[in-house]
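Which chain is which? The protein sequence lines are A and B, in order. Count the first sequence with this note's numbering and you get residues 1 to 111, in order. Count the second sequence with this note's numbering and you get residues 1 to 115, in order.
Hints are computed from structural coordinates only; laboratory data are not their basis. Note that this is a predicted model, so its numbers are computed, not measured. For each residue, glycine too, the CB sits at the ideal point set by N, CA and C. Do not rely on the hints blindly, as some may be mistaken.
[What the hints assert, rightly or not] In silico contact screen, one side only, chain B against chain A (beta carbon under 10 Å); selected entries: (1) 44; (2) 107; (3) 108.
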Amino acid sequence: KQEVTQIPAALSVPEGENLVLNCSFTDSAIYNLQWFRQDPGKGLTSLLLIQSSQREQTSGRLNASLDKSSGRSTLYIAASQPGDSATYLCAVIGADYKLSFGAGTTVTVRA
Amino acid sequence: GAGVSQTPSNKVTEKGKYVELRCDPISGHTALYWYRQSLGQGPEFLIYFQGTGAADDSGLPNDRFFAVRPEGSVSTLKIQRTERGDSAVYLCASSLGTANTGELFFGEGSRLTVL
Chain A
1 KQEVTQIPAA
11 LSVPEGENLV
21 LNCSFTDSAI
31 YNLQWFRQDP
41 GKGLTSLLLI
51 QSSQREQTSG
61 RLNASLDKSS
71 GRSTLYIAAS
81 QPGDSATYLC
91 AVIGADYKLS
101 FGAGTTVTVR
111 A
Chain B
1 GAGVSQTPSN
11 KVTEKGKYVE
21 LRCDPISGHT
31 ALYWYRQSLG
41 QGPEFLIYFQ
51 GTGAADDSGL
61 PNDRFFAVRP
71 EGSVSTLKIQ
81 RTERGDSAVY
91 LCASSLGTAN
101 TGELFFGEGS
111 RLTVL
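Extracted from the complex, chain A is given alone in its bound form:
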């Protein structure tokens, strides 16, 4: 059974600092990995999708890397802003078509 772990569980930084969010998974036989953002009481917003053949994806201030063999992904958010405060979830899809989620990292960016 795929297990996805996100460290740290919570993170608080001053505005302007770079954020580094970690995700690890136990079964490296994945098809893709997706990072989501979730605001309190809201659904999930897709941030980045990395196919298993890719090593990274970038969108604006966001960059996500994938090391499939070691079962790790890292989400970098450059020059953080208070609007980046949210919970960030990592999820992987394997051959069983199920998206397995981590518990998330809750980020607070202090103005």
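Please arrange chain B on chain A, whose structure you already have, making use of the hints.
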């Protein structure tokens, strides 16, 4: 539609009642998922549809839970004899084609509270 739509956004019911939650996926998306999220946790898989058929329902917790997608578009999650432990946010997601390659798009969720 522009995004995945879920109704109702909030549902409060009494223990033992029957509940239906509806999901309207993005037009043209053939893959549809239901997930359940408890406070402070990541979403947990319930069921996956490819077209009209349930390709994998192994996440449904027991036989009180059932989901349908009769025309390959809108899906309904049905919960019989609700229990307090069923209280959670129920999330629906859809994807173009097969979900193992495509990006998943989630709705805002239906928050179920069982008193």
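A quick look at each hint next to the structure:
Using the Cβ-Cβ criterion of 10 Å, the hint placing residue 44 of chain B at the interface with chain A is satisfied: the shortest such distance is roughly 8 Å. A hinted interface residue such as residue 107 of chain B counts as satisfied when its beta carbon comes closer than 10 Å to some beta carbon of chain A; here the least separation is about 5 Å, so the hint holds. Given hint, residue 108 of chain B at the interface with chain A, holds; its Cβ is 4 Å from that chain's nearest Cβ, closer than 10 Å.
Comparing the model with each earlier hint shows no violations; every hint is respected.
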